[in-house]
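For the protein sequence lines, the chains are P and F, in the order given.
Counting along the first sequence from 1, when you hit position 245 you're at 245 in UniProt numbering, and nothing is skipped either side.
Counting along the second sequence from 1, when you hit position 28 you're at 28 in UniProt numbering, and nothing is skipped either side.
Just so you know, not all the hints are guaranteed correct.
[Said to hold, decoys possible] Listed next, with one range per pair, are the computed distances between beta-carbon atoms:
no.	chain 1	residue 1	chain 2	residue 2	range
1	P	M120	F	A214	56 to 62 Å
2	F	D124	P	S491	26 to 32 Å
3	P	D317	F	T189	37 to 43 Å
[Claimed, not checked] Listed next, the in silico DSS-like pairs over lysine-lysine satisfying Cα-Cα at most 30 Å (straight line):
no.	chain 1	residue 1	chain 2	residue 2
4	F	K218	P	K237
5	P	K328	P	K237
6	P	K185	F	K131
7	F	K152	P	K237
8	P	K320	P	K363
9	P	K363	F	K23
10	P	K394	F	K19
11	F	K131	P	K237
12	F	K19	P	K237
13	P	K328	P	K309
14	P	K394	F	K218
15	F	K158	P	K394
16	F	K23	P	K260
17	P	K394	P	K198
It should be emphasised that the hints constitute simulated quantities derived from the structure, not laboratory data.
Backbone N, C-alpha and C fix where the C-beta goes; we use that ideal spot for every residue, glycine too.
Letter by letter, the chains look like this.
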Amino acid sequence: MATYLEFIQQNEERDGVRFSWNVWPSSRLEATRMVVPLACLLTPLKERPDLPPVQYEPVLCSRPTCKAVLNPLCQVDYRAKLWACNFCFQRNQFPPAYGGISEVNQPAELMPQFSTIEYMIQRGAQSPLIFLYVVDTCLEEDDLQALKESLQMSLSLLPPDALVGLITFGRMVQVHELSCEGISKSYVFRGTKDLTAKQIQDMLGLTKPAMPMQQARPVQPQEHPCASTRFLQPVHKIDMNLTDLLGELQRDPWPVTQGKRPLRSTGVALSIAVGLLEGTFPNTGARIMLFTGGPPTQGPGMVVGDELKIPIRSWHDIEKDNARFMKKATKHYEMLANRTAANGHCIDIYACALDQTGLLEMKCCANLTGGYMVMGDSFNTSLFKQTFQRIFTKDFNGDFRMAFGATLDIKTSRELKIAGAIGPCVSLNVKGPCVSENELGVGGTSQWKICGLDPTSTLGIYFEVVNQHNAPIPQGGRGAIQFVTHYQHSSTQRRIRVTTIARNWADVQSQLRHIEAAFDQEAAAVLMARLGVFRAESEEGPDVLRWLDRQLIRLCQKFGQYNKEDPTSFRLSDSFSLYPQTIAQWRKAGYQDMPEYENFKHLLQAPLDDAQEILQARFPMPRYINTEHGGSQARFLLSKVNPSQTHNNLYAWGQETGAPILTDDVSLQVFMDHLKKLAVSSAC
Amino acid sequence: MTRCPAGQAEVEMAELYVKPGNKERGWNDPPQLSYGLQTQASGHRRSLLTKRVGAPQDGSPRVPASETSPGPPPMGPPPPSSKAPRSPPVGSVPASGMEPTSFPVESEALMEDVLRPLEQALEDCRGHTRKQVCDDISRRLALLQEQWAGGKLSIPVKKRMAVLVQELSSHRWDAADDIHRSLMVDYVTEVSQWMVGVKRLIAEKRSLFSEEAANEEKSAATAENHTIPGFQQAP
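The following block holds chain P by itself, in its conformation from the complex:
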């Protein structure tokens, strides 16, 4: 390995892990002085076409408080058929099936190249995937038609034995009974009144009748086919009828008078969907897919009333605590999201409208459950249609890339503790020796649940070095972390992905440059950004920005080379050179990475080919802007990369180049100048 760049890349490709620091500071005190926390980005289901799963179950450490998985870092005594757990040092006997192992005949999980390995669980019933469509009918005619067609198309993309269901809503909420016979029935609910899970299940006839005394064993939902499967049927049985049912869907019949918004009962519709799945298929992979074309205007979860003259809450309203429905609505969706996550299901939101649809209040539904949130202008756009198609993309084995019901369990060697995780997950509240009292993100646990995930789902995981300053680390000592992800593969089979990594400890005083060289600035920027966004949920915006700026200045002071009070002398090594610029971009939420503007001048065709490559694979489908220098659309590119022309300085240029971008952000040059000044100042 020539450089740390290669090391970083190889580790990412093999293990799906990127650490902010790849050489770890050996004491807690020194670690806090590094400014950027020791943390990693973990992609639990990183695509590994070269890694076929093994057909047996993992070997676990026998200590009840440990249960780490056998991995390449464990010491093995092949003669005595014993292995020593590298986390708790317990000596364990190999199971009988491993009787034939030796130095030259190692099981895969002991080989270093299998630092990441996947196991298949053979036992246990395999339950089918479930897709419950929740469809807003308060759409314009051609939008509804486009949505109907997309849903009909999706029936051809779903696996034949997946279960599918349909709930439509507008002023009322309709749960459609799917039958193969001629007449279609539905259960209608008022959109104004929320119901408990039990009430919903009772009204849909899902509650089991009182069992006779002699029935000792628990009854599975499948044993009552008439009850639970009336609303969720396998695609191969129901596709023709459901195609017709979808084709016949009409716009919500309730007339919308002048000056009014349509009455949209999104809150109750979602509540019924969650209750339906809770009562029929808890703890199995299911997606609730909500398709909506406007804000909820009625019932629990409403975001705005039906009077058009009262506008939907703006940022000013929110800042001044003047958003009338926001707290209650957010609470309603948070309750639903938490219940859904507890049931192991996930919620997607597909919102296509020109105006807002209340995603602020509903975002917890996607965030806590690992579902998708897609925003578009209309269902009749290629952005929505292709994004929706890509949900059902298959991998190299012909399986869906989506996975369900994952639990992530993390173990650390004793010098480290887990501070928390930031990503589409909920805490499972599992305490233990690895859990730190100082929380960053979702903390206080060493286990999280991710109900919906795919090969690009990534969590930020934050650690704390707990080793005391005066406790020496042995020469060449390494710290270790194990990530164990149990999940339901789209083939319905359960699998376990185990990744075990190690990194060297180093004394900061004597090896600062070594630690510096192993800094992954891209990973660090993303991890800090996630922290910033997480803090912004509960803190004021300006406070978060100030925190971010302070961190950046401290980092530059620690790792920069400069003469005091001389900004022009300031230099950062290459390992850090991108970080401030990236942070400058991250200061404004929503910035995305864009190619260097200069390339567009020199290479005309290559970027178009490049873009096509990206368009073919990216999820969700991005907006596509093809522009040229001076073109009207170029302003979007310029404002994101380097807003050198803003309303603050436009007239100083004395040129006419079209409308300036309304941003208070400064240009990168100004930002860097200020940063250097602050870093070298002894006052900071």
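We have chain P; now place chain F onto it with these hints.
Quick look at chain F alone, frame taken from chain P:
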């Protein structure tokens, strides 16, 4: 005039297209890629153009470092750009018996060549599949015929249906299924009403076929046992 169904390769090549997005309804709506283009397996190519460049520390804009300079284009055949004119399909020559045409657009699939095998397949399934399902499929095939005869179907749909029927007749179920999927993705407005019937027909034919194959194996096994004298039949 000879009518010849387009060769499968030509149909497939012609269906790797890019259409513009709906700019009227969606701001900067991205282009629509055909099913064929989206399912093309693309290798993991690290594109040089998206490599980040550090900010100039001395204040002057600098030429990108060597690792970000424009290198050779990504390896592998470049996907067709939306601006480039569509090139004639390369690949296998159409099946024998056809007059070689440089561009197969002129030859149209014949309705009967598509409907008849489908109806035959349905007849084959009648003993094996529930009556209601058969009637439903039949209804949709009638709809297909009506739309075809009424000129409501576009040429690519007709061509792909011809290929689908060929695959179905050759018992290549996965290939037929994939074509039905590609039509649902690319031409849903035209085909959604009846295509689900074709999809079901493929599934029923496939299950009938494997049932028959299983039965044949069983009867062949018992027949073998009967011809060998003196041996007890396996329980």
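Against the structure, the hints come out as follows:
no. : hint                         : result
1   : P/M120 to F/A214: 56 to 62 Å : violated (27 Å)
2   : F/D124 to P/S491: 26 to 32 Å : holds (31 Å)
3   : P/D317 to F/T189: 37 to 43 Å : holds (41 Å)
4   : F/K218 to P/K237             : holds (28 Å)
5   : P/K328 to P/K237             : violated (41 Å)
6   : P/K185 to F/K131             : holds (22 Å)
7   : F/K152 to P/K237             : holds (29 Å)
8   : P/K320 to P/K363             : holds (21 Å)
9   : P/K363 to F/K23              : holds (27 Å)
10  : P/K394 to F/K19              : holds (23 Å)
11  : F/K131 to P/K237             : holds (14 Å)
12  : F/K19 to P/K237              : violated (34 Å)
13  : P/K328 to P/K309             : holds (22 Å)
14  : P/K394 to F/K218             : violated (36 Å)
15  : F/K158 to P/K394             : holds (26 Å)
16  : F/K23 to P/K260              : holds (28 Å)
17  : P/K394 to P/K198             : violated (37 Å)
Hints 1, 5, 12, 14, 17 from the earlier list are contradicted by this structure; the remaining hints agree with it.
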